[in-house]
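Participant: Each chain is listed here by its residues.
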Amino acid sequence: MAKPDEIRRIQRIACDLRANVIRMIGVGKVGHVGGSCSLAEIAAALYFSKMRIDPNDMKNKDRDRFLLSKGHTVPIQYAALIEMGVIPREHSSGLKTLEGNLQGHPDMKTPGMEAVTGSLGQGLSIGVGMALALRYKKSPARIYVAMGDGEIAEGQIWEAAMAAARYKLDSLTGIVDRNGFQATGSTKDIFEIPNLVEKWRAFGWHAIAVDGHDVAAVLEALDEAEATKGVPTVIVADTVKGKGVSFAENTSAFHNASLTQAQYEQALAEIEAAKGALQ
Amino acid sequence: MKSPNLRNAYGEALVALGRKDDRVMALEADLGKSTQSVMFQAEFPDRYFQMGIAEQDMMSTAAGMALAGMIPFVHTFAIFATGRAYDQLRNSICVPNLPVRICGSSAGLSDFGDGKTHQSIEDVALMRAIPNLTVICPADAIETTKMMEQMLDWPGPVYIRINRNDLPFVTPEDEPYSIGKARLVREGRDVAIFAAGVMVSKALEAATTLEADGISVRVINVSTIKPLDRDGVIRYAAGVDAIVTAEEHTLIGGLGSAIVEALRGEAHAPVEFVGVTDRFGTSAERYDILMERYGLTAEVIAATAKTVLRKNDK
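These protein sequences, in sequence, are chains V and Z. Note that our numbering has the first sequence beginning at 1, numbered continuously upward. Note that our numbering has the second sequence beginning at 1001, numbered continuously upward.
A portion of the hints provided could be inaccurate.
Unchecked claim - Pairwise CB distance ranges, derived in the manner of DEER restraints: (1) Z/S1178 / V/T260: 54 to 64 Å; (2) Z/D1046 / V/P4: 40 to 50 Å; (3) Z/E1272 / V/K138: 36 to 46 Å; (4) Z/K1181 / V/D62: 35 to 45 Å; (5) Z/R1019 / V/L268: 32 to 42 Å; (6) Z/P1227 / V/K3: 34 to 44 Å; (7) Z/K1116 / V/E99: 39 to 49 Å.
Just so you know, the hints here were simulated from the structure itself, not pulled from any lab data. The C-beta atom is built at its ideal place from N, Cα and C for all residues, glycine as well.
Take the sequences, apply the hints, and build the full model.
Facilitator: Right, dumping it as C-alpha cells:
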C-alpha cells in the first residue's frame, strides 16, 4: 500500500499532466481532451511511480515500456514525457503542426515513444511481441498497454489477448480505460461490450477492476499485476471521460474538439483548483 | 544438388540465419508446412512462435519483437500477409521502419489448387505503394538463398514473395548478388524482357524461340521490385526495338508499372506487359495449365515481343 504522501504526489502530477494536455491542445485547435484526461491518474502512476524508467536513459534495454494503443489520446503521453523532461516543454505548442515535433498519433521520432500506434487494436499485439522478445533476452522489463473501451471492439485485441495467455506473458499488463464514451457517443449506445472483466478472464487473463482515478487503487492493481505469475493481467479501469474539466466530463463532445478561450481558461482554473485542494 | 523448390530454399536459408544470429525469430500462423518455417521450429523452438490463425496479431507482434531488438521473420501466404494484415504491416512495421521480414509464401498463382481466395495477384501493387518497404521476388532457389543472406542486415522492412513450386535454375550460383540490382541473365540486341520470379525462366525460354526466328533478346531479372534499380532498367532498356515485362501478377501496379515508371522521362522503345489481366485466379489441377490459362507462358511472351516489334516497324 502506497503511503498517503506518495499518493498525493501522484495525484498532483495527474493534475499537472491534465494542465499539460490543455496547454498542448490550446485554443481553437482540435485535440483529444476527453480520452487524455481520463487516463491522467493511470499515466501519472505508471510514469512517476510504477515503471522502472530513467528519463536520462530512455533507450535502456531493460526499461519498462508504456504503449498507448488508443493512440489518439497521445497528448496524455506527451504530457507525462514533458513532465519527466524527456520531451522539451517548448515542443508542447508543436502538437499536430507541420513543423512541430508532436505528431497526432504516437510516432517513433518523438523521444520516449515506444511504438507506432493509433490504428486501433494494434498496441496489445506489439506489447505481446515485446514481451516475448524481452523474455527470450531474460530482461526484467514489464510492458504496459493502455486500450480504449471503444477500441477493444477491434478483433485484433482479442487475438492478442489469446496469444498473451497462450504464452503466459506475466510481464504484460493491459489497461482498459473504461470511460464509457467513444468518438460519436456513449459505448452503451454505439457498441456496448458487456461483461468485460469476465471476458478477459475467459481469455485466460487475471483481471482486476478499479476506479481509474483512485491513485491508491491503481498503484495497488499495478503491484498485483506484477505479483501475478504465469498469466497476463488486465486492469479494467473505470474512468470519467474528460475528468477534471467539468464541461468535458461524461460526454463525447470533447472526444476530439477545440476549446474556446473561455473554456481553455476555465479548464486550467479547474485543474489548478483541484491540485490546490490536494495540498 | 540443391532442391529447385523455393519454399525449401527459404526454410533452409532461415535456419542458416538462425544459426548465424540469435536475433532471428520466426512467427507462423499455422501454415508452417507450406511456408517451411517448420525447419526453423525444429532447430530453434525457443525462437519460433506459433501465433495461431491470427495474421493481424502476428504482424503487430513481429513489430514488437523488432522494437525489442530482434529480427523477426513473419510467415503466411502472400495473400494474407499483404491483404488481411495490410494495415498492421503498414502501420506497426513500415511507419516506424522496423527490420521485420515478411515472407509472402504461395505467392502469385503458385497455390494452383486452392483457387482465387488463396492466390495473390495484387500483392506487389499493394506492397510497392508502402514507403520504407523493400519488395523482392526471387527467380529460383539459388537466388532465394542469396536474398535471405542479405536480408539479415538489410535496413528496414522487407517483403519477400515466395513461389510454392519447383522453379528451373536461372541464376548462376557463383555470381555475387545484391538486393537492389536488376541483373542481366541473357544478352541480346532487339528485345529487352524485364521479368520477375517464375517469369524469368519463361522469358529465357521465349528468348530461345525468338532467337530461332532471328530475333536477339536480352532478359533482365528484376528480383528487387522496390527500390527499383532505375539506372539498371534505363541501361538495359536502351538500344532495343521492343520492351516486354513479364510478371505473375495483375497488370495493374506490378512489375510492368514499375518498369514504365522507371522509364518515364526517358526515350525508350515501345513497352508491352505480360501478366494477369484484371481478374481473380481460379483452381486448377496443375500449376502449368493454370499459368497457360492466364497467359503466363514463354509462348505468350514471345508473341508479345513480336507484336511490339511489328508495331515499331510501321
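Participant: All hints are to be evaluated individually against the structure, with a verdict given for each.
Facilitator: The hints, checked one at a time:
1. Taking 54 to 64 Å as the suggested C-beta distance range, the pair Z/S1178 and V/T260 conforms, at roughly 59 Å.
2. Against the hinted window of 40 to 50 Å, the Cβ-Cβ separation of Z/D1046 and V/P4 comes to about 45 Å, which satisfies the hint.
3. Here the CB-CB span from Z/E1272 to V/K138 is close to 58 Å, at odds with the stated 36 to 46 Å.
4. For Z/K1181 and V/D62, the Cβ-Cβ distance of about 40 Å falls inside the hinted range of 35 to 45 Å, so the restraint holds.
5. Range check, Z/R1019 to V/L268: Cβ separation about 59 Å, and the 32 to 42 Å hint is violated.
6. Between Z/P1227 and V/K3 the beta carbon distance is about 57 Å. The supplied range of 34 to 44 Å is therefore violated.
7. At roughly 47 Å, the beta-carbon separation of Z/K1116 and V/E99 lies within the given 39 to 49 Å, and the hint holds.
Violated hints for the displayed structure, listed by number in ascending order: 3, 5 and 6.
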